[in-house]
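Residue numbers (the working numbering), protein chains in the order written: chain A, 1 to 289; chain B, 290 to 578.
Read the hints as simulated data drawn from the structure, not as lab findings. Keep in mind it's a predicted model, so treat the numbers as computed, not measured. Note that the Cβ used here is the ideal one computed from N, Cα and C, for glycine as well. Be careful, since some hints might not be right.
Claimed, not checked - Chain A is faced by these chain B residues, among others (derived, beta-carbon under 7 Å):
1) Ala313
2) Ser315
3) Gly360
4) Trp391
5) Gly541
6) Tyr552
Claimed, not checked - Residues of chain A clear of chain B, computed beta-carbon distances all greater than 12 Å:
7) Pro96
8) Asp103
9) Glu245
Single-letter residue listing:
Protein chains: 2
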Amino acid sequence: MVTEPAFELLEDHAAFGGRQLRIAHSSATLACRMTCSVFLPPGADAGAPVPVLYWLSGLTCTDENFTHKAGAQRLAAELGLALVAPDTSPRGLDTPGADERWDLGTGASFYVTATAAPWAPHWNMHDYVIRELPALLEPAFGLDATRRAVSGHSMGGHGALVLSLRNPGHFASTSAFAPIASPMHCPWGERAFSAYLGSDRTTWRAWDACALMEDGADFGPHPVRVDQGEADGFLVEQLQPERLEAAATARGLALDLHRQAGYDHSYYFVASFIEPHLRQHAEALATAG
Amino acid sequence: MVTEPAFELLEDHAAFGGRQLRIAHSSATLACRMTCSVFLPPGADAGAPVPVLYWLSGLTCTDENFTHKAGAQRLAAELGLALVAPDTSPRGLDTPGADERWDLGTGASFYVTATAAPWAPHWNMHDYVIRELPALLEPAFGLDATRRAVSGHSMGGHGALVLSLRNPGHFASTSAFAPIASPMHCPWGERAFSAYLGSDRTTWRAWDACALMEDGADFGPHPVRVDQGEADGFLVEQLQPERLEAAATARGLALDLHRQAGYDHSYYFVASFIEPHLRQHAEALATAG
Numbered sequence: 001m002v003t004e005p006a007f008e009l010l011e012d013h014a015a016f017g018g019r020q021l022r023i024a025h026s027s028a029t030l031a032c033r034m035t036c037s038v039f040l041p042p043g044a045d046a047g048a049p050v051p052v053l054y055w056l057s058g059l060t061c062t063d064e065n066f067t068h069k070a071g072a073q074r075l076a077a078e079l080g081l082a083l084v085a086p087d088t089s090p091r092g093l094d095t096p097g098a099d100e101r102w103d104l105g106t107g108a109s110f111y112v113t114a115t116a117a118p119w120a121p122h123w124n125m126h127d128y129v130i131r132e133l134p135a136l137l138e139p140a141f142g143l144d145a146t147r148r149a150v151s152g153h154s155m156g157g158h159g160a161l162v163l164s165l166r167n168p169g170h171f172a173s174t175s176a177f178a179p180i181a182s183p184m185h186c187p188w189g190e191r192a193f194s195a196y197l198g199s200d201r202t203t204w205r206a207w208d209a210c211a212l213m214e215d216g217a218d219f220g221p222h223p224v225r226v227d228q229g230e231a232d233g234f235l236v237e238q239l240q241p242e243r244l245e246a247a248a249t250a251r252g253l254a255l256d257l258h259r260q261a262g263y264d265h266s267y268y269f270v271a272s273f274i275e276p277h278l279r280q281h282a283e284a285l286a287t288a289g
Numbered sequence: 290m291v292t293e294p295a296f297e298l299l300e301d302h303a304a305f306g307g308r309q310l311r312i313a314h315s316s317a318t319l320a321c322r323m324t325c326s327v328f329l330p331p332g333a334d335a336g337a338p339v340p341v342l343y344w345l346s347g348l349t350c351t352d353e354n355f356t357h358k359a360g361a362q363r364l365a366a367e368l369g370l371a372l373v374a375p376d377t378s379p380r381g382l383d384t385p386g387a388d389e390r391w392d393l394g395t396g397a398s399f400y401v402t403a404t405a406a407p408w409a410p411h412w413n414m415h416d417y418v419i420r421e422l423p424a425l426l427e428p429a430f431g432l433d434a435t436r437r438a439v440s441g442h443s444m445g446g447h448g449a450l451v452l453s454l455r456n457p458g459h460f461a462s463t464s465a466f467a468p469i470a471s472p473m474h475c476p477w478g479e480r481a482f483s484a485y486l487g488s489d490r491t492t493w494r495a496w497d498a499c500a501l502m503e504d505g506a507d508f509g510p511h512p513v514r515v516d517q518g519e520a521d522g523f524l525v526e527q528l529q530p531e532r533l534e535a536a537a538t539a540r541g542l543a544l545d546l547h548r549q550a551g552y553d554h555s556y557y558f559v560a561s562f563i564e565p566h567l568r569q570h571a572e573a574l575a576t577a578g
């Protein structure tokens, strides 16, 4: 009996001595077909498990934005780090409003487990990233389940913080680029949480990075690096990094906010500062596991 | 009297301490509106003229492929090198067939001066890259007209070689990624040259890198680096780097062909090997001018 492969290999490119892959699979969690980009550093098939960074992208992105534009593969190859970039939401479903609402439909998710119709049960990117994707990819590519890091951009930067806060020990190292600090307190987040979670704001706290810190969650032993461009057009109304700083400080958590003069919200900003993030993750992962 | 600015600034992003710009302007040479991406390294506005690499992209590309995907800005910032990435063809004209023929219409050009209808007089990317664009950008951004390098990918790799061979002294340093070696001897090139230049093949020699070398042209004092992936699907039928090697060897020209096992035709290949190209250009430009 031949076992069906669990995913289809859409692309396989040599890159920096390693391999840049793109896979597609049928997701049980989301009940749709999903794509995911995976970079394997040189020597990843040699036997020793490879530490891995999960990258969560922002609103309107796919698995390809980080993969094409962040220039992360060069240093990941040098550091021996795999990169996994999932898509940002379920796709191809008939969920009402999904194609009209860029801020909460296709290309959005806030990496929550939605509880309100029509987004539940499909909009469950939390479980997809925390459970289904690692179970699918880690054994297949020899990735080290004891040495995972997480980072992301904007909505995905908040996703990285929340997934780390909600799942102690799952990620050994956490960082973020221009994250939405507190969806409960910004227009993007309020619209999305109202839709995904309903109108009872007390249920929102379990999906808000600042509220999770206030309610006792932490990131584990390693400091969290956050970079934020000061010329980012979303800074004041949507991102509000001062809320993250305040919540971390109140709890004594090591969250290092780097404000970068002149930088905007684009992937040029991510590319410009990906290096210190990857180096910090690699250092933390070297002592994890 | 207020002077009209010669171009419109479409984008201006901080990147690696410098600026990633995208401009649009009305091209007199091509008689259409064109976009162009420009990276300025840190300190480019400090007064000293900045050496500049012109990058020519391949079939179906725009000015953005290299800019988004090659990861060149990091090292260009370190080396103090500006990057200019023009579009690959005229756009938005009513040229018959331009939108149907990806291999010679919109997104194609082979960087020639077309002489046959309907491509003449618009398909004149040679003069656009050699004359109009430098005259527009170099004074505006403080780029050093005595320290120009040129490189490119595929059709644009051949464009880099041909523009360098046809214009002695214009570029101080030349390189290419997976260039079409000899358009006269491959299907893409034969179709394009038939359309742009007509059926008299003797006129084609002035636009074919191998024929130009055979007929006495050279690249100037600095060696030319060429990288070619050995898993490139276009290698045998379209690219044929052995023709470049033979033509250079016959003339005693220093053309260093690096065959890279496992690499394909994508920008992952370009990104993987852009560093040695940029370092070689920067070294050559340091002694030019």
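Hint check results:
At its closest, the beta carbon of Ala313 of chain B sits 18 Å from a beta carbon of chain A; the interface hint therefore is violated under the 7 Å criterion. Here the hint on Ser315 of chain B is broken, as its CB sits about 26 Å from the closest CB of chain A, past 7 Å. The interface hint given for Gly360 of chain B holds, since its Cβ lies 4 Å from the closest Cβ of chain A, which is under the 7 Å cut-off. Taking 7 Å as the C-beta contact cut-off toward chain A, the hint placing Trp391 of chain B at the interface is violated, the least distance being around 20 Å.
The beta carbon of Gly541 of chain B comes no nearer than 33 Å to any beta carbon in chain A, farther than 7 Å, and the hint placing it at the interface is violated. Taken as an interface hint, Tyr552 of chain B checks out: its beta carbon lies about 5 Å from the nearest beta carbon of chain A, inside 7 Å. Remark: the non-interface label on Pro96 of chain A is consistent with the geometry, its nearest Cβ contact in chain B lying 34 Å away (cut-off 12 Å). No beta-carbon of chain B is positioned within 12 Å of the beta-carbon of Asp103 of chain A; the least distance is around 23 Å.
In this structure Glu245 of chain A is separated from chain B by more than 12 Å, as the shortest Cβ-Cβ distance comes to about 22 Å.
Hint compliance for this structure: hints 1, 2, 4 and 5 are broken, all remaining hints hold.
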